[in-house]
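Asks: For the protein sequence lines, the chains are U and Y, in the order given.
Numbering-wise (the numbering used here), the first sequence opens with residue 2 and increments by one.
Numbering-wise (the numbering used here), the second sequence opens with residue 2 and increments by one.
Careful: at least some of the hints might be erroneous.
Identical chains share a label here; the pair holds if one copy fits it or two copies do between them.
[Stated by the list, open to error] Listed below are the simulated DSSO-like cross-link pairs for lysine-lysine, each with C-alpha atoms no more than 30 Å apart in a straight line:
(1) K329 x K49
(2) K49 x K166
(3) K136 x K228
(4) K113 x K182
(5) K329 x K228
(6) K122 x K329
These are calculated hints, taken from the structure and not from any lab test.
There are 2 protein chains.
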Amino acid sequence: MNTQPTSPCFSFDLTARDRRARAGIFHTPHGDIQTPVFAPVGTQATVKSLTPAQLAELHASLILSNTYHLYLRPGDELVAEMGGLHRFMNWDRPILTDSGGYQVFSLEDSRKIDDDGVTFKSHVDGSIHRFTPEKSIAIQENLGADIIMAFDECASPYDREYSIKAMQRTHAWAERCLQAKHRPEQALFGIIQGGIFPDLRQESARYIGSLGFPGHAIGGLSVGETKAEMHSMLELVDTLLPDDRPRYLMGVGTPEDLINGVLRGVDIFDCVLPTRLARHNAALTRQNRMNLVNAAYAHDPRPIDEQCACYTCQNFSRAYLRHLITAKEMLAATLLSIHNLYTLINLTQGLRQAILEHNLEQFVTDFLQQRQLKPQEGEPEA
Amino acid sequence: MNTQPTSPCFSFDLTARDRRARAGIFHTPHGDIQTPVFAPVGTQATVKSLTPAQLAELHASLILSNTYHLYLRPGDELVAEMGGLHRFMNWDRPILTDSGGYQVFSLEDSRKIDDDGVTFKSHVDGSIHRFTPEKSIAIQENLGADIIMAFDECASPYDREYSIKAMQRTHAWAERCLQAKHRPEQALFGIIQGGIFPDLRQESARYIGSLGFPGHAIGGLSVGETKAEMHSMLELVDTLLPDDRPRYLMGVGTPEDLINGVLRGVDIFDCVLPTRLARHNAALTRQNRMNLVNAAYAHDPRPIDEQCACYTCQNFSRAYLRHLITAKEMLAATLLSIHNLYTLINLTQGLRQAILEHNLEQFVTDFLQQRQLKPQEGEPEA
Chain U
2 MNTQPTSPCF SFDLTARDRR ARAGIFHTPH GDIQTPVFAP VGTQATVKSL
52 TPAQLAELHA SLILSNTYHL YLRPGDELVA EMGGLHRFMN WDRPILTDSG
102 GYQVFSLEDS RKIDDDGVTF KSHVDGSIHR FTPEKSIAIQ ENLGADIIMA
152 FDECASPYDR EYSIKAMQRT HAWAERCLQA KHRPEQALFG IIQGGIFPDL
202 RQESARYIGS LGFPGHAIGG LSVGETKAEM HSMLELVDTL LPDDRPRYLM
252 GVGTPEDLIN GVLRGVDIFD CVLPTRLARH NAALTRQNRM NLVNAAYAHD
302 PRPIDEQCAC YTCQNFSRAY LRHLITAKEM LAATLLSIHN LYTLINLTQG
352 LRQAILEHNL EQFVTDFLQQ RQLKPQEGEP EA
Chain Y
2 MNTQPTSPCF SFDLTARDRR ARAGIFHTPH GDIQTPVFAP VGTQATVKSL
52 TPAQLAELHA SLILSNTYHL YLRPGDELVA EMGGLHRFMN WDRPILTDSG
102 GYQVFSLEDS RKIDDDGVTF KSHVDGSIHR FTPEKSIAIQ ENLGADIIMA
152 FDECASPYDR EYSIKAMQRT HAWAERCLQA KHRPEQALFG IIQGGIFPDL
202 RQESARYIGS LGFPGHAIGG LSVGETKAEM HSMLELVDTL LPDDRPRYLM
252 GVGTPEDLIN GVLRGVDIFD CVLPTRLARH NAALTRQNRM NLVNAAYAHD
302 PRPIDEQCAC YTCQNFSRAY LRHLITAKEM LAATLLSIHN LYTLINLTQG
352 LRQAILEHNL EQFVTDFLQQ RQLKPQEGEP EA
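With the hints as extra help, turn the sequences into a complete structure.
Replies: This is the structure in structure tokens:
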């Protein structure tokens with residue numbers, strides 16, 4: 002439909018819409034990202050238990066890596082010396098790095114925030130470090146991801162006073178990040194905060210949306226608020242953010258979250274859920290979740306999901322997966338990660354196709370029928 | 002050269018010789034095994050940290066799995082119910098199972114041997130079990146590997162009295178295994194014992210060699226004797242075993258062991274070494290070994306081995322591998338296992354090619370020159 006180049010190296014084509022949902026293509030120096038897209042998380046420059054070849058077979062087009070972790074180990078300067086993150090981890094498709102802010106603010110007892118930045122203690126060796134907006138950008142420039150994130154502060158979602166303060170800092174820091182950034186082959190995304198407060202979210206979306214970022218992230222959601230609150234915040238910012246730039250809902254999520262995000266105009270998602278569940282022996286299924294350690298599966302010759310086309314479901318039984326788990330074999334995590342990532346990547350591809358075919362409502366109805374869940378209900382834990 | 006069908010389902014073609022070394026093809030119901038061959042070990046129905054797809058990419062043609070472990074967990078009957086080991090672990094090429102004897106005899110404090118069999122305590126849950134030759138065959142028939150092994154007793158190599166006793170039991174048990182076996186699509190290999198005693202080894206090779214097995218294994222080596230003693234035992238049995246059947250040197254070994262075995266007429270090898278070293282951060286190299294945890298590699302952009310064509314060496318630096326190890330990422334074991342298995346599989350393929358081209362002496366000289374080691378010297382530990 003419309004092409005809006007946002008930098009010589011990046012542009013976003015909004016290909017189709019179905020109500021508020023969008024199908025697009027984000028062009029990056031390491032290839033196109035067809036949206037909606039789910040990005041597997043490779044915290045320490047590896048999506049846990051998978052080779053890049055296995056990720057490519059899963060049709061992963063974008064992966065996320067964490068600035069905080071890579072800064073501490075092996076160090077962003079080492080990564081730069083090795084040719085950048087793409088070369089270091091052997092991933093030649095797009096990469097996104099977060100700003101490090103979220104991880105640092107999560108270190109509740111060992112960090113101190115001020116208006117200029119945050120001082121914190123390393124979880125690796127207890128050493129003291131300091132992140133500022135400028136430092137976060139410098140690290141992310143060393144890492145060299147295609148998409149980099151502004152340094153922001155994520156408040157506790159129900160604390161209005163803290164949400165105001167965190168939003169103000171986030172806005173000031175967003176401008177400092179824009180100033181600090183200088184590599185044209187990286188797209189810097191601004192981040193919206195504001196907790197669950199409509200007026201703050203609106204203010205933040207308007208402000209961040211006015212700064213000319215080539216993409217926008219919605220932060221501070223999926224951090225303790227209800228699903229209904231998350232959805233209402235998404236609906237608010239959807240109408241305020243520039244339409245011609247991709248929107249990224251950070252750290253989300255479950256299959257239901259992806260669907261509900263897409264229905265509210267979100268283009269990009271990431272979450273540790275699929276690989277973390279895998280390491281806890283759980284598979285995402287069309288019905289919900291399945292914990293393969295369950296003795297009920299000991300003699301079960303069926304795959305996790307008979308309709309799933311992933312490598313794991315095409316080749317291995319529940320009985321075999323349960324055996325691997327019981328025998329503490331590493332292959333269990335690999336095979337479950339393949340299935341879980343396939344499930345979310347395949348879901349976003351299905352959503353994209355449905356948007357292109359103006360068939361989203363039916364797609365969502367079919368999906369929810371299989372789950373026997375209604376759209377906005379919370380998802381029971383496995 | 003000569004084809005000697007040993008069962009409707011198996012035959013061994015001895016394609017070429019170079020002095021005592023042999024190049025052959027062992028035809029099995031799950032495909033051909035080109036010898037000399039190195040078999041990766043998949044103790045618990047998985048070669049640790051690798052998918053069958055990754056093993057196939059490594060051109061593994063035969064893998065070994067352990068009867069003792071599978072009997073205890075998940076149970077051979079469950080494996081049979083799931084369609085056998087090939088289907089269970091999704092490996093459609095040849096599989097070899099050991100008899101369970103070696104593992105049971107290694108449980109020194111929790112097993113009791115008599116002339117009929119051995120009673121032992123499970124390492125999983127302490128329960129009491131009994132293996133006899135008939136039981137071992139019944140379990141291996143449930144598992145359904147292409148090559149199965151006679152139930153034997155492996156003595157301490159320098160204990161002559163025990164070596165005599167163990168050899169006599171091994172011979173009696175070999176006949177009981179032949180009697181007990183009834184699946185034609187499995188080839189039962191006899192096992193030679195006799196410690197480091199030339200007269201016992203000769204007696205065992207003659208006796209086991211006379212029973213009509215379609216293949217022969219040399220047991221009780223690489224269990225504490227010197228390399229020179231192992232080589233001299235191999236030379237003895239080489240001249241006594243039927244020439245037209247494959248010979249399998251159990252639980253061996255290092256690159257030097259493979260070369261020294263091939264030079265003495267061995268066709269098949271297996272060893273946990275490559276995958277176990279990988280889980281201890283060590284890589285097999287042309288020079289010897291390299292422990293990637295070493296700080297010297299922190300900034301090293303080179304692959305493990307610049308001349309190696311494996312997936313790991315084609316795509317990842319020493320610095321990245323060291324980072325994965327330091328960050329305790331599972332991918333380290335996967336990438337090192339790929340490299341180490343490739344090294345041994347590639348070595349046996351090189352040996353085979355050299356035999357076919359009557360160029361073995363040069364191949365071995367070149368190999369040893371790179372290592373700056375002489376053929377019969379022991380290999381320093383990493």
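Asks: What hint numbers does the structure not satisfy?
Replies: Structure breaks hints 2, 3, 5.
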